Each structure stands twice: as C-alpha cells, then as structure tokens.
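Spelled out, the chains give:
4 protein chains.
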Amino acid sequence: MHFFSDNTAAVHPKVWAAMQAADGPDHGYDGDALSQRLDAAFSEAFGQPATALWVATGTAANCLALAAMVPPWGGVVCHREAHIEVDECGAPGFFTHGAKLILAEGEAAKLTPATITAALAPIRGDVHQVQPHAVSITQATEYGRVYTPGEVTAIGDLARARDLWLHMDGARFANAVAHLGCHPGAITAAAGVDALSFGMVKNGGMGAEAIVLFGEARDPALTGTIQRMRKRAGHLQSKGRYLAAQILALLEDDLWLANARAANAAAAELAAAAGERLIHPVESDEVFLVLSPDEAAALRKAGFDFYDWVAPAGAPGAARLVTAWNSNPAHVTALARAIAAL
Amino acid sequence: MHFFSDNTAAVHPKVWAAMQAADGPDHGYDGDALSQRLDAAFSEAFGQPATALWVATGTAANCLALAAMVPPWGGVVCHREAHIEVDECGAPGFFTHGAKLILAEGEAAKLTPATITAALAPIRGDVHQVQPHAVSITQATEYGRVYTPGEVTAIGDLARARDLWLHMDGARFANAVAHLGCHPGAITAAAGVDALSFGMVKNGGMGAEAIVLFGEARDPALTGTIQRMRKRAGHLQSKGRYLAAQILALLEDDLWLANARAANAAAAELAAAAGERLIHPVESDEVFLVLSPDEAAALRKAGFDFYDWVAPAGAPGAARLVTAWNSNPAHVTALARAIAAL
Amino acid sequence: MHFFSDNTAAVHPKVWAAMQAADGPDHGYDGDALSQRLDAAFSEAFGQPATALWVATGTAANCLALAAMVPPWGGVVCHREAHIEVDECGAPGFFTHGAKLILAEGEAAKLTPATITAALAPIRGDVHQVQPHAVSITQATEYGRVYTPGEVTAIGDLARARDLWLHMDGARFANAVAHLGCHPGAITAAAGVDALSFGMVKNGGMGAEAIVLFGEARDPALTGTIQRMRKRAGHLQSKGRYLAAQILALLEDDLWLANARAANAAAAELAAAAGERLIHPVESDEVFLVLSPDEAAALRKAGFDFYDWVAPAGAPGAARLVTAWNSNPAHVTALARAIAAL
Amino acid sequence: MHFFSDNTAAVHPKVWAAMQAADGPDHGYDGDALSQRLDAAFSEAFGQPATALWVATGTAANCLALAAMVPPWGGVVCHREAHIEVDECGAPGFFTHGAKLILAEGEAAKLTPATITAALAPIRGDVHQVQPHAVSITQATEYGRVYTPGEVTAIGDLARARDLWLHMDGARFANAVAHLGCHPGAITAAAGVDALSFGMVKNGGMGAEAIVLFGEARDPALTGTIQRMRKRAGHLQSKGRYLAAQILALLEDDLWLANARAANAAAAELAAAAGERLIHPVESDEVFLVLSPDEAAALRKAGFDFYDWVAPAGAPGAARLVTAWNSNPAHVTALARAIAAL
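Protein chains in written order, with the working numbering: chain A, 738 to 1079; chain B, 738 to 1079; chain C, 738 to 1079; chain D, 738 to 1079.
Isolated chain A, as found in the complex (with noise of 0.2 Å):
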C-alpha cells in the first residue's frame, strides 16, 4: 500500500484512451491538430488570453520558463525549500546559464511579500551583485499549503511594483485549486502570475506537464522564447501529440480537478485520524505528520510504504504521506485506522 507520492501514480483512464486516440497520423513536434489546441484550451479554462506548451518533466518546465524570465546573470527570488533550490540538481543554473536563486524565508514554504522584501533589501543595485528579476512560488507548497487568492495578488503586486515576473510551480496546482475551489484564473493570470508550470504528472498524466504563459502581455517574444529553449533542451518531442493528449483529456470536464478532490479527499481522511500529530494543516495531497521510528516500523510491518521525513525539533520522529487520485478507499481507510490506532 503505497503512500510514497502521487508522482508515481497509474495513469488515467481516459488519459490512455486520449493517447491511443491520438496515434493517428499528424504532423511532428508541436504542428498537430491536438497541440495546436492548447492555447485555447487553456485560455478557456484560465479566462484569460494564455499560451501553453507541453514539455515532459515539471522541472523542465520550471526552469524554461524562468530562463525566458531572467537573464544569466539576474536573480530568482524563492523559499530556501523550494523545488527549484533543494530538489533539481541545479536545473534552474543549467538552464538560465548560472541565473542565482535568491532565498527567502516563510512559514511552511510559503512566501510573502514581507519575506520576499526582506530578501530584497540588502540588494544595491551596482553591478557588484546580482539583481532580481522574478519570484517564484510553489502552488501548492512543499509541505502541501495553499496560498489563496489574496496571497498570491499581495505577490502579484509586489512583483509588478518591482518589476519582477512572477512564476508559479504549479506540480500541485490542481490539488491547491480544488482545496480552495475557487477559478484556476484567481490565483494565477488575475492575480498577476506571468507563467504557471501546470502540473500533470502527479494527477493522472503520464509525461506531460504544461507551461502555461499568461505574460506575454509583458514581453511578446516570451512565448516565442521558451520554444526555442524547449527545442534546444532536447525537449521538443517528435511524437508531441502524445503529449497534447494527455493535456487535454485532463482538462476536459475538469478531469484534472476531480483527481486533485480525490486525492485531496484521501488526504483529508488521514489528516482526520493524524489529528494532533499533524505538523502542518492538509490542503492537498501531502500529510505531514510526527511518527515516532517505532511506529513508523508497525505501520511498514502493516504493510504501509511512505517516506520518513525531517521530524520537527522535540519530535521523535517524522513521516511524508501523499494520497494520489487512485489512491485506494481500503488503503487510505486502512491507514486512517492504523494510525489512529497508534
């Protein structure tokens, strides 16, 4: 019984189907008929004018958009737990060609503009250091917390008034969004995100994540920009139809949002019987909870696959649960049971 991570999970359904429906003849890369409808389809689902480009990895997505958004030798403002920092070997450095991720603070991963203009003040602008050009924010966080509306605009704001893009790595995005089941536009194009990495992997896709721009209003050529890039990363593929199909059978009918609720559901159901050992609120998939090694051992012995975690300090011990949108009602009951059990 697998609580590892969502980003592991089967695929789809009719995200199969989408594909095998596709394996008719079509022209390569980005020319057939079903990637030439992203830009529409998610300029739909987001309300605003949007381009979208599919690449494989969230990684690759991350770090394309922000080597469209900041120059080698310009700054990223994000939180020392952020993907891009801790967990990509050093993608956004490759890709931005040595670009220098700015660390701020913030509960829980989250940044906000007081965090972010804290990492901003010691900065002079002489051509001694290096200056920032973005912010970027994780939706939902690491540690599976949500920024609503509000936030977000408060950085949208901040960033526009500093002349700096906004991005968000959306690998969560749809478990944020139905969490706060408000319009996917709220907390992205209207709230003055430039580029959103679109999560898909994690939510029923196979290898296929979306870098949706909403910033060309900001600079035309950004789109422009980023295909370039993404044919010089080896990540233009030939066979892109698959990719476009994955993309669109999980926005049709908010495919993508009713995972994300299963997902968050299963979540939720653990972080009821986690109760006080919770170590931070469940807003998506990911539970955080204190377990001490001994109870770490009988739930495995349980059967119950997941990762340890850092532990808070005073705390015996630590665990990482992520649900998934097949994560199985027995397992998580199951699990619910045990750990209430404890």
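None of these hints come from the bench; they were simulated from the model. Hints should not be assumed to be uniformly reliable.
The list cannot tell twin chains apart, which means a pair is met if one copy fits it or any two copies do.
Dumping the calculated DMTMM-like pairs for lysine to aspartate or glutamate here, alpha-carbon to alpha-carbon at most 25 Å [to be verified]:
1. LYS1038 with ASP763
2. LYS751 with ASP763
3. LYS1038 with GLU1006
4. LYS751 with ASP991
From a predicted model like this one, the values you see are computed outputs, not experimental measurements.
Once you have looked at the hints, place chains B, C and D on chain A.
Frame of chain A, contents of chains B, C and D only:
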C-alpha cells in the same frame, strides 16, 4: 498517404501493451523494476557490458552523451550536415556549455578517417584553439547511408589513436542494422563506439530513446555524470517506467529489427521504382530522389505527402520520402507505381 | 629583430606617462574620473554618440559585445578564418552560453553581402535551426585586408535589412583607418556598426581595449547589459583608471593614428621589398609572403624572427611578418633588404 | 583622506619599475621570461611545488579555480557573506556554468568544520540534489578576520575526508600572513589548500593577481584546465609579461609582506583609537566600527572618506575604514585622533 517522416508514426501495439502493463505502482524516476533491467537488456543485445539510460528525445540522448565526454572548452568532430549541427537549434552548445562542433566533410554525410583527419590537421595544440575531444557519427546518416562495421571500426581506431571519444547518433540505428544484417555490437562496442543514441521514437516507440554506454572502461564516471546531467536538464521523468517499458518492448524478440526491416522494405520498393531518379543509394528508410516541381505537384495531387528537398546541382527539384515501421503497403505500392509512371 | 606580432610590442611612453599620472587616489572600478571621460572621448573621436567600456583583451571585448547582442540559442555570422572562430579557444561559446558561429566565405577573410547572404540562405526560420542575430567582421582582417567605408556600409545595410546586429573586431582598427585615411566614424557608426572592439594593445597600449557602442539606439539596455556581463566575467578591474588612462592617452592628439601609421609604413617598406612574393596586398601592419624553408632559415640566421605561415597551394612555404608602432626603422630596412636579396 | 578601500590604492614604485623594465620585446601571452618564472617563484615562496597563473582580477582568479574544480552540476560550500556569493555579480555561476554556492554560517564570515558539516548534512547523495565538490574560504575574511594555521588545517582535513577541494580567496592573503607572522605555506599547501587566489591588487599591484595551485597532486590536469579556461574567458593577456612583472616585484624581498604590514599597522592605529566601538577584532587592514550618523558626518566634515556599513543590532550606525600599503601616516593619525575624540 504520409511520407513525411518516420518520427511521427504511430506507436507499435506491443509498445502500447507494455506501457499499459507498467501502470501498476512502482518506484519513481529510474528506480522502478523496468528501468533497472535496461543495463542487462542492452548488455545482452549488444554482447558487451553496457549501461543504458532512457531519455525522451534523440537530441537529449546525443547531447547528454556529448556533454559527458567533452568539456566546455573542447570540440566534437562531426559532419557539416550532421543533425547535431543542423537541426538541434544549438542543443550541443547548450548541453556542453559552448563546446564547438568541428565540421568535417564526407559524401552523403558520412565521415571517413581521411575527412576526420583533414578536419583535425589544422588544429594547433595551444590554448588559443579548441581541442577535439570526440567524434560523432550518424548511423544511418542524414541521407540514409549506412556505415559498415569496417567503416565504423576504422573511425573507432582513429578515435582511440587520437584519444577521442566516439559517439554514434543512432536515430535510425535499427534501420542500419537491418540493412547490414550484422550484429548490433559489430558497429558499436566492438568497433570502438563509446556512446550510442539508440533511436526508438522513429521505430515504433512513443517518447523514449536509450543512451547506451560502452565507454565505462575509459571513464568509470561516465554513466554517473550523465545521470546527474539528465536530472539537471529536466529529463529524469518521474514515471520513467513508461519509457523503460517502451524500450524493453522494442528490444524483446527483436521487435526493433522487425520494425526497421518493414520500414526498409517499404523504402526499397520506392527506390526500385525511382531508379535513375535516386540521389543516394537507399540503405534505410529514406528515399531522396530527383523530382521536378510539376512531378511533385502531381504526386501530391494524387494524395501523397512528403517534403521537398534541396536538389543537386542541375536537377530540376528533389524530394525526400520516408517510410516507417507501419507504412501502409498499399500506399507504398501506390506511390511506387506513381513514381514509376512519372 | 622581432617581427612576430604587434601584440607584444612595448608600451608607448605617453601611455606610460598617462598611467603613472593616474596613480593618485580615485574611485574604484569605472567610477574614477578617467573612466567617466570615455563616453565623451569616443563620441568626439567618432562623431557619433557612443558609450565606451574598457576591458583588458580583445577577446573579452569581442565576446562581451556579442553576448549582449546574441541570445544563447542564436548565431553570429563570421568568416571561417575570423579570430573569434579560430583563435579564441571557443570564447564566444563561453560568453554567449553556446551561441553558434555561422561560418561564411570571402577572399582574404573579408565578408561581403554576397557571402553573408549565402551563409544565411539555407537557414530555415523554424525552431530546429539556429537563427542569426549578428554579423561580425574584422577590420583589418586576419590577413591585414581593409574594408572600405562602402564595403562596411553595404554590410551594415544588409544587417539592418535582416535585423542583425553588426559587430566589428577592431584589433587592428587603427591600422585600417590609417590605411584608408578616412574618418573613423565612416567605417563604424555611419556605416551601421553597432559595436566596435577598438584595439589598443597592438598599438601602443598595455592591457586595455575599448568596447565602443553605437547601438544604444537599437537597444537602450545594451551598455548596461555589458556592464553587468563585464563584472560577471571578472573583467571589471578595481583600478580601472589605469586602463582608462591608456585609452585616453592613445586617443589624445590621435596618437593611435600616428602609431598605426608608423606600423603601416614599416609594413609597406617590407611589402615593397617582397614584390611578387606577396600573398595579400599589404593594407595594415601584416605582410604575408611566399618564403621557402631555405629562405626562411636564411632570414632567421640573419637575426630576423617571425612566424611561418600556411603556404598557398603550389608555394614552397610562407611566412607572416608583423610590424608595430615601434618597429625599429633600421631593423625594418635590414629585413626589407634581406628579402629583396633572396 | 581616503579610507574607502585598498583596492584603489596607488601602484608601488617597485612595481612600476618592474613593469617598465618588462618593456623590451618578448614572447606573447605567458610565453615570456617573466611569466615562465612564476611557478618557481611561488614554489619557493610557499615551500611547496606550486604552479601559478596571472589574471587581472580576484574575481577571475577565484572563479577560474572553482570552475576547474567543480562541475556545472556540483556545488561549493562558502560563507553566506563570502565575496563570491555577495559581490561578484554571480561570476561563479558564469565560470562554473551554473554550479551552486552552498551557503554556510560562521562568525565574522569565518567557516569552521562544524558550520561546513552543518551545511553538508542535509544533502542527500541522490541525483536530485547538488553535490558538494569544494569548500571556499576567504583569508582574511570579508570582515578582516584571519584563519590560523590550525583553523585552515582543520578545514583542510575535513575537505580531504569528504573528498572536497579546498579553495582560498586570498584577496587580503598578505594581510593575513602579516598578522599571523607565519610562513605562507602554513596556511595553504601544508594546511590542505589546493588553490589560492593570491591577491596583489589591494597590496601595491595594478591589475595582476596569481592563481597559485598546490592541487596538481590531486589532479594533474588542473593547471592545464585553468590555462584553457583562462584563454576562453578572455583573461589571457597578450602582454602578460606586465602582469608577471607586477607579481614578481611584489614577491621579491617579500615586498608583499612589507606592504601588508604597513597597511595592518595603520589599521591597528585606528583600531586602538576605536576601542569599544570595534565590531570585529582588527586582524588585517579593515576596521569595522560603530559610528552614529552624526559622528560619521563629523568625520566626513573633517575630510575623511569611508563607506557606511550595516550596523549590528542596537547600534546607531556603523562604518568601514580600510587602510592600504600607502596610507598616509599623518592621515591615519589624524583619523585615529578624530575617532578617539568623538
């Protein structure tokens, strides 16, 4: 009736089946059972100890291998019409951080020891000039021509003597082996090839190619270096098992060779019809032929789609026809007849 | 008796004096009074609004300008024998993060609109091919040949029409102006040059060249970008006033032209002696001549030092003789006589 | 009366003399007789086999060494206030092609084995995280504090144990040695330092620093790699003999130590006057002291120029005073008295 490119052909049913069979839960990235089988599968297929890594595209496969072999201040000898020089939007420059492609000559995009030597000859060893670190050849070449085992071996010997790595872009490697009827090891490991981009996408796969490394003996860090570079380039997919599944399905029972033979046979049928029109002998799945604008228009009017090509001096025009593992025999025969009837 | 290269000649006494006069305290980097005078000095010398930045080497000057003009996924058209292609150890690839040099032909390392157009012609505009962003020409060329105002203007017009930046490597710019007898602006700003590497090191300086920018009209960020890149490349010296002093000393009273005229005159004396041996007309301070190994040995035995060169087809051998601002007239005359006597 | 920075001080007369003595013709780049003497000169000065290369700036020295030691996907542990992190405009990211600076803590910008270990502890060895390849320390630190031989040795031992290179940014290395009164080898080669940026510009030079390498034993390619990187970065000056002359002049008769002692003595005089105002013990040529805005204004009105500094918590204000090899004793005494009288 599509004769544009093999790189958009449908996915083979056995590949689909293998991908779907991989749906069950497993570890992420390349920690799954299928990815873990790749080294053994390629070692067996090539008759030599090999390590193998999946990536989504041939560009990524080529460039990750080259970047692991060539320092930023070094160079790679390749043909001036090589895909890495002409059609990857500078991807080698991106992955290698600016290494130089040292352009060499050769008929039909084939390098020879003589043309490689001619390219190397003027390079002084001082710090003012970029020093060569690798040779890259394409099998089959950009014109569908095939290096024999003897030809690769001669280049491999030269590379060893000059302390250069030897890389093979094998986007149509299967077609070359099918044409030669040789053991795949005879034109790779046994011939001095250190790294092979083993193409799958043009041959029944969806979005998976293999970097096959025989060069560990020369540098035990080679595979580990590429693993880190792959992650850093956003090419380490979390559901890597679906890529491994594609590759293993094509290796099983030599499906990759069966597919390539089918494509080659279709091309041979077209070649026979083209007769004197042929610009290059047809040794894989590509047919380059003299075709006047009027003739091209007539074929298109009859329902055949294909790319125009740069005509040889004196010719009124030219075209490229590409078959695939699933070329419709009726379409092929119809095109052959239409060409013969011109 | 040294005829190796002008790039090792002594520092002019007036340059020494100016450097020593700069010894007093002043602000660091380019905040000192001398550095602050550069824009005005070059604007006056070239008759056009210009900004100017010092750097230590021509390689840095060339590559910083190109890197500010060309994105990593772009290309620069240059002659296949250009210094940036042949003798800078891939520095353009380093500074531009992997942009491509697109090689063009031309007699004596001179580009023409026709050869540039020929190099551009096969480039498709799609994302698979590197797109040109700039043209770089060398004045005087690597063979000491000089572009006339009309020739530069024709290239400048082409560059404008194709939306390309025009860069001039002016390592021997002074020699070219001295040869042409024209206003320096006539072969730069007025002819469409956006950025000039104004060489000083070969012409009486010690370790200072100027990047002279006329291109602010096309991109107001150009100078600022180079300033950041210069710092980031370790080329912003803290005692920059000593570099500015060199440059201002050479500009003052046209010392740069006087020095170049002296070098050119010495080369002309050698050229006159060489007569039929000349491989290229002598238009600056370089003399390329046919010289058999025996003849070269004889000259060396007589005390003359110089580099062998690649001989034209059919010639028994060749040599390059380079004069300098301080070539000893007696040595020059002696060498001229020795050549004439061969 | 300038107390801004030692990095703009005048050139020492013996350095001027040595440069002018180098005016005679010689080979270009580092082929001249002076450059060829550097290895021997440093081997003798440090009591260990060393290779040494000149460059114009400390940024270039630091970054070339780091780039030769750390792959693009690797990391360098440094203090969060290190010059390479804070004041080089991202130069390490440029030279290393995006390697990461892994920030560690420590009082007064000094690393310790404990703070380095703390920075390394959370790094997992998998491909998702940047792996450390080097440690970089600054001697004296950005706050003028000095590592003792024992402190460097402890870090060197840790570096060896963790298979990390040890780099020392020695912009004020001379001041540190003068303060310690130790042999220069005792805090470098003998303590485990592989590469030292030996600062000259702040200590009587004009535009020459030395990269001194003791690490050839760990990687015989180290020097050769840096030589190529230096050329590629535009830092191989053709008249390198003038840089070598500066360095040799400062090494001769330990002029570098005499200069540093003079600067340190001036700082000590100011420190004695500052008394309780001192923020850091004064161990080199930098004095950080508490100074209210009114006090700063008073000193400036009296003719003293210096930089404000970030005040420690609770302090009304702060300033940084920097002396130099040629600080005017009368000015120093005047400033000391003015401070004492505040």
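Run the structure past the numbered hints and jot down the numbers of the failing ones, going up. none
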